[in-house]
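Engineer: Put chain Z on the given structure of chain V with help from the hints.
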Amino acid sequence: MNRDPVIKLEAVDKRYGKNVVVDSMGLQVHGGECFVLVGHNGAGKTTVMKIMLGLTRPSAGQVQVLGEDPASHAFVGRRESLGYLPESASFYPHMTGRELLGYYARLKGVSRTEVARCLEQVGLQKAATGRLHTYSKGMRQRLGLAQAILGMPRLLFLDEPTTGLDPLLRRDFYQIIGDLRASGTTVVISSHALSEIEVQADRIAVVKHGRLVACGSLPDLGRQAGLPVRTRVAVAAGNATRIAGQLAAHTRIDRVNDRSVDLTCSEDNKMSVLRHIADLGDSVLDVSMTAPRLDEIYLHFMNGDGP
Amino acid sequence: MSGSLRTITILATKEVRDGLRNRWVAATILLLGTLALALSILGSAPTGEVRVTALQVSVVSLTSLSMYLVPLIALMLAFDALVGEFEHGTMLLLLTYPVSRWQIIAGKFFGHTAILLVAILVGYGSVLGILILAGDGDTTGWQAYTAMMASSLLLGCVFLAVGYLISALARERAVAIGAAVGAWLMLVVLYDLGLLSALMIDEGKYISEGLFTVLMLVNPADAYRLFNFSGFGEVGRLIGVTGTGTGFGSGMVAPLVAMGLWVVIPLMVTVARFHRREL
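Protein sequence lines, in the order shown, are assigned to chains V and Z.
The first sequence begins at 1 in the working numbering and counts up one residue at a time.
The second sequence begins at 1 in the working numbering and counts up one residue at a time.
Calculated from the structure, these hints are not laboratory results.
Being a predicted model, the structure only gives us computed values, none of them experimental.
By construction, the Cβ of each residue, glycine as well, lies at the ideal position given by its N, Cα and C atoms.
Misleading hints may appear alongside valid ones.
Listed next, the in silico DSS-like pairs over lysine-lysine satisfying Cα-Cα at most 27 Å (straight line) [claimed, not checked]:
id: 1; chain 1: V; residue 1: Lys18; chain 2: V; residue 2: Lys208
id: 2; chain 1: V; residue 1: Lys137; chain 2: Z; residue 2: Lys14
id: 3; chain 1: V; residue 1: Lys137; chain 2: V; residue 2: Lys8
id: 4; chain 1: V; residue 1: Lys8; chain 2: V; residue 2: Lys18
id: 5; chain 1: V; residue 1: Lys126; chain 2: Z; residue 2: Lys14
id: 6; chain 1: V; residue 1: Lys137; chain 2: V; residue 2: Lys126
Anything over 12 Å on all C-beta distances counts as not near chain V; from chain Z, calculated [what the hints assert, rightly or not]:
id: 7; residue: Leu169
id: 8; residue: Ala174
id: 9; residue: Leu215
id: 10; residue: Arg276
Isolated chain V (complex conformation) (with noise of 0.2 Å):
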């Protein structure tokens, strides 16, 4: 992965009036990595999105996108690299599929061939001749993601992209996005779908009245919301109390019964107790750690006391 920060942003404020939608946001996106904003309705996602975008200037604050300020005349060549999915993307209904991509692969200096292409990967060809308003909202959506994809962006912006998808349409999806990664491509997504977002994820930015509260990868997030990692162990039948006893000398035993013992860690002596379960030799047949969830880190920081 490309250390070098694609996207910069420093102290950006945005304010409409008194109301702040965005409070000193300061975050980096780096070449080749899959950046998720999370954050309940009205954080100021999407604004952050827009700014990224250029589409809105902030009221305070630094931004730069490929190096350049998005909302700069300089910018508008750039944008031949990006790639946008709106939260609900609008097209011009009277188009059919082929022609709103054949319009917007010619703004964007794309060939035909990739129009086909686009199309095909989202599994639209065969709609591709249908009037934009005869398409239900996946194909829509599917339709929005072609758009996004065309010329294969260095940047692509995704706003709650699988919203209203069935989940093959979602599994669809992510794939496509895993094919664009692969190929170098930095994905920037807002998401509420935590479970389905927590793999696709390297980075987690969670957004709070404005605010970034916290911002890491998934065991970063954990560790910084001081959540444990719960960890089943396995024993041989007979072996349960002695191996608690041995194992709550190093961490928090939690529940004890015959085959099993279920105790917690944190995110920095995982290692630890890892060697010292290691140490028990083969009275111990299996072991299991779960990692805390992002909607539970999502919850702790959403109930914390923080902005």
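Structural biologist: Just chain Z now, kept in the frame of chain V:
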């Protein structure tokens, strides 16, 4: 083709295609052509008495028609050019493409101008052909007629620019359509009534001939009328406006400049306003 020109052409082509698809082009051609033909046939009767050709009479009647109709058509084409795309949500996506905001305005302007050009060329041009054929090939007055067609296009451009300005200022489509109708009433209907009332009340005390000409030039619809009525001698004599102080030929420049400014200034304000608008 340079990048900007290419982008503007793509945007303009889309507007023309939209115009063809939603029958704007067909409706405008039909409207202009039918009315032009009807006026020309009805209005050609007095030509023998005053020694002017059917074409010259048509210039007078079509100028009066275009003064009302062309601004209305242009405003209807332009009023939702920006506010419609904002309201519908398509502007959001368009602005994430490598397109400058001024290019969007330019693309729409050239596209809509092309629609007006085709409508005027076909609608009025076909009548020109019919009148020449009906007059046994007499082409006297074709210059005045052609100038009327060209100035009608310029008048259309004026009201496209005014329409875009309205579209850039309005927050909602419904407000924009109201403002467009208001602008049409103000500039095309009420301004003349106001000017006439002022003249009647003034009785020649303050409003000199020169000031009156300036007041006419300030309004694009009147500048258009001035251009067509005083530009070509025969046509001017026909309706008796040569007394406005604008003689043959020279009288064409000031109205053209006035209309040109009415295109450029609203377009510049539109671009400035559009640049400030956030999504």
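Engineer: Each hint should be assessed against the structure and marked as holding or not.
Structural biologist: Results of checking the hints against the structure:
no.	hint	in the structure
1	Lys18(V) with Lys208(V)	holds, 17 Å
2	Lys137(V) with Lys14(Z)	holds, 25 Å
3	Lys137(V) with Lys8(V)	violated, 33 Å
4	Lys8(V) with Lys18(V)	holds, 25 Å
5	Lys126(V) with Lys14(Z)	holds, 24 Å
6	Lys137(V) with Lys126(V)	holds, 16 Å
7	Leu169	holds, 19 Å
8	Ala174	holds, 18 Å
9	Leu215	holds, 40 Å
10	Arg276	violated, 9 Å
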